[in-house]
Amino acid sequence: MSEPRFPDEPLFVSAELTLRYRYGAGSEATHYLEGLKERMAFEGTRCPKCERVYLPPRPVCGICYVPCNGWLPVGPEGTITGATVVEVPFVDPVTGEQRPVPYGFAFILLDGASTNIFHFVDETDRTKLGVGMRVRPRFRAERTGSITDVEGFELIREEGT
Amino acid sequence: MISPMASPSGVAIVGVAMSDRFEPRTELPPSEIVYPVVRDALADAGVSMDDVLSIVSCSQDIYDGRTISSMGVNEVLGGYLRSESKVAGDGLLALLYGAARILSGEYDLTVVVAHCMESISDLHVVENAAFDPYIQRPLGPDDTVAAALQADAFYRASGLGPGDAAEVSARASEHATRNPRAFRRTPHTAADVAASATVCGLLRELEGTPVTDGACALVLASPERAGEGAVWLRGIGNTTDTFWTDRDITDTSALRHAAETASAQSGLTASDCEVVETAARWAHEQLMHLPALGLDAHVDVNPSGGQLGGCPKYVVGLARAVEAALRLREGAVNALVHAPSGIANQQHTVAYLSRERG
Amino acid sequence: MPDVAIVGTGQTDHKSRRDDVNIPELAREAVDRALADAGVTFAEIDAVCFGNMDLFEGLAENEHWLASTFGAEGKPLLKFNTGGTVGTSTTMGAYYLLKAGFYRRILAVGFEKQAEGNSQGAITTVGDPIWERPMMAGAIGNHAVMASTYVADSGVTEEQAAKVAVKARRNACLNPHAHLKLPDITVEQVLESKMLAYPLRTLDMCPTSNGACAMVMAGDGHAQKLAARPAWIAAVASAHDQSFQGDSPKRMSEMRSLIAVRERLYAKMGITDPVNQLDVAEIYEPQSYAELAMCENLLFCEKGGGGRFIDAGIPLIDGELPVNPSGGVLSTNPIGATAMIRVAEAAMQVMGRAGDHQVKPDVQTALATGYGGNAWSDALILTARQPSR
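Chains as they are written, first to last, in my numbering: chain A, -17 to 143; chain B, 3 to 360; chain C, 22 to 410.
It is worth saying that the hints were derived from the structure and are not from the lab. It is possible that some hints are incorrect.
Below, a list of computed lysine-lysine pairs in the DSS-like style, where the Cα atoms sit at most 30 Å apart [stated by the list, open to error]:
id: 1; chain 1: C; residue 1: Lys271; chain 2: A; residue 2: Lys110
id: 2; chain 1: A; residue 1: Lys110; chain 2: C; residue 2: Lys324
id: 3; chain 1: C; residue 1: Lys381; chain 2: C; residue 2: Lys324
id: 4; chain 1: C; residue 1: Lys324; chain 2: C; residue 2: Lys271
id: 5; chain 1: C; residue 1: Lys289; chain 2: A; residue 2: Lys110
id: 6; chain 1: A; residue 1: Lys31; chain 2: C; residue 2: Lys215
All figures in this text were calculated on a predicted structure; none of them were measured in a lab.
Build out the structure end to end from the sequences listed, making use of the hints.
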């Protein structure tokens, strides 16, 4: 038997992996999402020991390792703690399509919360977007009790600007 | 080589916990399955998370639907500012690594925790991802197909048959009815197994394992930290065989080697153990494993009902260790624990637990 | 509880694509080089620790498929996939298994063949599906936001960050394995490269590489037979953070996990003046601003002083404390290997095997760090002197 002949071009095996998951939302989700839908309001869970207020809400404070024991309203306004204008395309996990660029994106500390959330901000001029600026949420007109009921945040602009 | 666990060294199991019941809990995120188990294991050990600096976790990203699956549970297993690392394999490998952290002398306590969600994905797709991507995956195999091929080959080689597996399954279901954690609640007979739906090849539905979710945790301690009532890890061996299509899948030499490693470390053999907890996802696997562990194939083992009673993959090995530890606390002296992993059980971990320090 | 050392390392030449090898062959290149560097064969290896983000290549449980590639038949095989830190997680797993006395010699391997998968798709699953995923902006969006907080805190300028990017790609020219070698790169070029998300430009970011790294590690009594100058692992530390990406208030500028590991390592080693007590550092810097922030958190300079630190030339390859003489993550990033490459490069410095990027003939103390997950940190200190002697 003669020596095996390998092709000049490398062979590729193409494969597509479609993974579908039913992700459990957990015990905090119903209360929180109801707040978004019904009242356009945010609430965080509070640690009885360190008194941190968590957003996203969670049943356990990982710093103290004790269960959180209640809800506290936070926001709706907040302060930017880090911000950028994204110019590189990224596949939106919700739509599966490329998200149009540019878009503002920030870490936001809602008033009263101890942790940041991240969200879109309606400013694409990076010289007008920065740490310390105040923002307020923009809710969808039609809300379904989903995390995306919050469309994004808008800068609270001073009168006359 | 002197066993790393020989006195004055040693690894004690001072706390254990498992999900109240292994069952599908699709509505829960992994964090809510893991937290009560870690909390309860710490309480069982009489220690607080403040005393803990080291954690070894175990989970499989593709089952959770999250890359770095330990991130989703890190806050609830005490990861904040602590040294936590995830082993992606059977939970008994996490036990091996956790034991190493104790024996290294750097930690006097280590929490070992495994979790798995089997119910939130399409297991056929998930299992298929572990096959050779070039020449096997496109044919669409999954763990059941591999198990069916193994069962067929095993029956031809051994002279045993589906009836023997049906007996194993029936006995397991009967034990499971006495275990509040097991998913199976009603026993079935060998005849019920034979009459149940064909899944693949010779495999019938009732001789397999139901789909479940759950978690399990142990608290390991150094001898200085262990108190009365501690259970000792006396030996632990892990051995890997070649990929399933590169070997005779009726061959159990990797299991035999892992068992010999654990025996050499502990000075114990299977015949010293009143309790044997060995994982098998399909009943015929137990018929293969017991002789490699030094026992007759038909011996009645798994007082918990074993994996066949319902226990998720990757958790199952650690859950066998927890069940064994509980039996030791109730009066047994020595226990043998085993779980395989990989397609057609390519890799095996065997451990000996004892109430005696040795 | 024997001391543990690295006695041999191997890497592939990291590249944008490796169409000439399949996945097992890619990993095997580094394995063969590490075995050769240590002067051992598979017969001398007792166990294998392997790290890889299998989901990035659309694979799962691939340690079983790759058992023969690593010579793991008949041996224990542990798999890790902890994200960016996987290379240091794998190293630490091997370290503890050796320190426990379970095994004498372990082969540690990490690789990534990202060109063959959908890394972005897999990385998206890092985000919590309920709370985070719909708003994710990718790794670059996150890094840019973190960098902006650091800029606001420290006043670090674009030029100073660009100097880090220049240092990395010039150092890479001295490293035959490095991916991005840019001998003529200038600060101006970095500032003219495409803006991805302010302040991060293309040349501020790490590349996506295909490559592998392997190390042979051994316990006391065995290490000395394999290397004239083993790189002893004198201290290891690891710390994680909370669940969500916004939990750490100043995620990069005051990285809680890095501060925690720094405190533990420096206390154990009696380090109070790292610039003078460390001879070299290989730190896991995913982007240029991060390197400066990490240097602050590691106390290489005062808080807010990262810009002045690079301006003074201290972390240059001929500076008082060379940082990433290998070119770092900014030059080479096959995710499953990246953190292990930090350890391997630090080991090569201690062992005197770093060739053209050897910072000085006698490296006594080297620091290696890993970064990944949700602002997680691993760190190791390697020494020429055996810890217990």
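Violated constraints from the hint list, given by number and in increasing order: 5, 6
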